[in-house]
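**Q** The chain contents come next:
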Amino acid sequence: MTKTEKLIPPVRDPRGRSRRSLGIKIFCLMFLATLAYSQVSPDRLLKSSKEPQNWLTYSGDYSGRRFSSLDQINTTNAHSLTAKWVYQTAATGKLETTALVVDGILYATAQDDRAFALDARTGRPIWMYQHQLPQDIRPCCGRVNRGLAILGDKVFLGTLDAHVIALDSKTGNVIWDVTAAEYQKGYSFTVAPLAVKNLVVIGVSGGEYGVRGFVDAYDAQSGARKWRFYTVPGPGEPGHESWAGDSWKVGGAPAWNTGTYDPGTNQIFWPTGNPAPSNRGEGRAGDNLYSNSLLALNADTGKLNWYFQFTKHDEHDWDATQVPIMIDSAGKHFIAQANRNGFFYVLDRSTGKLISATAYGKQTWSDTKDSEGRPVAKKEASPTFEGHTVCPGALGTTNFMAPTFDPQTNLFYVTSRDQCDIFSTAPQPYEAGHAYYGSAYFPSEDGEPYRGFLKAIDPSTGQIMWRFEHASPTWSGVLSTAGGLIFTGDAEGNFIALDAASGKPLWHFQMGGAVYAAPMAFAVDGKEYVAIAAGSAIFAFGLP
Amino acid sequence: MRTFFLRQCFASAFSFFFAALSYGQNPLANDPKAAKAGEYEFRINCALCHGLGARGGGRGPDLTRGQKVHTHSDAEMFQVISNGIPGTAMPANGTNGQGVGMTDEEIWQIIAYIRSVEVKAPAKPMGNAARGKELFYGDANCSLCHMVQGKGGRFGPELTEVGGSRTVASIIDSVRNPSRRLAWGLTEATKEFPQEYETITVVTADGKEIRGVALNEDNFSVQMMDTTEQIHLLEKDKLRSFKKSRESMMPVFSPDVLSDKDLDDIVAYLISVGAK
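So the protein lines, in turn, are chains A and B. To convert, count from 1 in the first sequence and add 15; that's my numbering. To convert, count from 1 in the second sequence and add 129; that's my numbering.
Looking at chain A on its own, in the form it has when it is part of the complex:
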């Protein structure tokens, strides 16, 4: 006898109270069962591979690999893809969101901290939430947002005025709203949070303002902060000695892109950004820990297990905030990152030990490695007042564009660019809430034109297996699918499907606006869709 059967009382009177009571109970049970299913439990997030029709985290799953095991759309039929719907957000600027999809509902964000839910089959809106921002916010790099996290019956939004907000996933109503930091001092959130267990993990932006970076975890139910890890250690903490004088107080090291979670070791891997001021090392002598690093944090406590610093004492704004991807091979557990500094790194994710670092784009800042194999900066790569040319430029070989790892080809795919800049210093005193670059950079007028690529890297060797050159550099992320496809977008507004094995383009669609977002895939009613944001809209594609 099932639990449900036990609960059904005997029918005494077909027209009486018991019959009505039975009906109500059955309704309640169905309602509860529906509710339980529609809620995204921590267990569902852990086992997201069992429901490939849904896209439950920023990168699709905890590994960060942005791979969909859906294969209905594949190399044999991709040429026939068509647009299924378009949702116009009416927002202006750069749309960087990756949508989530849960059981037929798509959740995404737009500029100025707008969140919305759509019917994933039609693109028709179900609800919209607009966060009311203060007039005096001055976020760096566009009023952008990269997406939501979902857990239970809530979606979670980080805002440009440094709030973390839980919204009811059915209505968009605010359930809780906490202030994480003072936006007046340059703190903000642009990142898609990551839900882990009963926590919402989020990293702060503001490296251009001399913030003291942190990664926070909030109780998903109440909004209470459970832990905070400062990415710049305070007095008495290990790593504090890597900052000269009081420079740590305004040391930057933000954490503005989404990390990953390894349930096997209960570790969160979260990448960090540039030390402040971003392009002037004078006054902050030392390695400037934990800027430009990958942090391995205990998910329950936020305690640091290990770190790996990609660029020590950075003077070129080479944030290491690119999404790290966990890769398992031959019983070994790795984590790989295509870094903004032009090197592709593979680490042992149990220890943080460097396995390999290989240049995957044009770089001139390093031609030697230290005893651990880490690229070492040439002295002459430091910016000067007069300025001189260094590759990659300030925007990096890659940036926030989400990469993908395809377990079928065992290749790591990343958007990259070859671009050099003239770096010059511009001394600036620190003033709370004001830009704190200490530098300026310019394109070299006589330099080579900028070139943009999609590159397929073999993580075991660092070798580039193929590359697709774009007409101009793009900011689009990349998706791989079990259909043998890679999806990406370009700066001219094309959404493109390529053969994952060869890099040959198989299909494209002109969306009419530059792509700054990363694609994702989902299925509803047994039909696969691929979605991406471009221009001011979100587009969904499927087979005819």
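All clues given are correct.
No more than 35 Å apart at the CA atoms, straight line, and that leaves these computed lysine-lysine pairs for DSBU-like: (1) 365(B) x 542(A); (2) 377(A) x 373(B); (3) 99(A) x 65(A); (4) 519(A) x 372(B); (5) 367(B) x 377(A); (6) 542(A) x 62(A); (7) 393(A) x 165(B); (8) 320(B) x 200(A).
These aren't lab readings, by the way, just hints derived from the structure by calculation.
Chain A is already provided as a structure; the job is to place chain B on it using the hints.
**A** Frame of chain A, contents of chain B only:
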């Protein structure tokens, strides 16, 4: 009491500041400290296009010139820095996506800096504008490809405003070394890079070779103009070959082809038109 007094002082200071703002006077005018702070802000936010020292960078105008195309008063300059110039590469404050927006105070600092480096009495154009006009539309053949005030060819960039927005040095450089910096063409909303006047050579499926300049291009299509001003709209996968070059189709006008004096006259003409 002291707190109250301080509050009053701050309130007065703010009133003054915002009154100045609303009337468009720079509250930091002639303040050397503000100009110095503005120099650093300028390096960070503006020098990318306007060059170090505000002398123009080939993309943005030389701001040391006393006479500017889009701004005359401090108030106009404040508006242009705040809101950008629609249809041009000049973005609104904080919207270029690669940096932090400036506060009103920082914008005034930049204006104080620009005023401090302006050359008050603009250098007298070296050439003869009237003769330059004759050359432009005559023997120098500029107008075969370039249009000024609605008259001339379409193949090259339109030059009506170039004299007001580019430095003399960069105009001369474009004539003497046209491939060194290709001119910018179409700018698309939210796209990072404008289209440049690259040279495109294609062979169509039926074997016809077409050579011209790119009007626009993406990964799969190209829109180009040939030397007869015909527009060709092409899909790359239907072409036999597609080649792109940064060797400009603008001929190199070396001093033996166009003398320094003739060039000075043409530049004087462009400045006389662009400054209007």
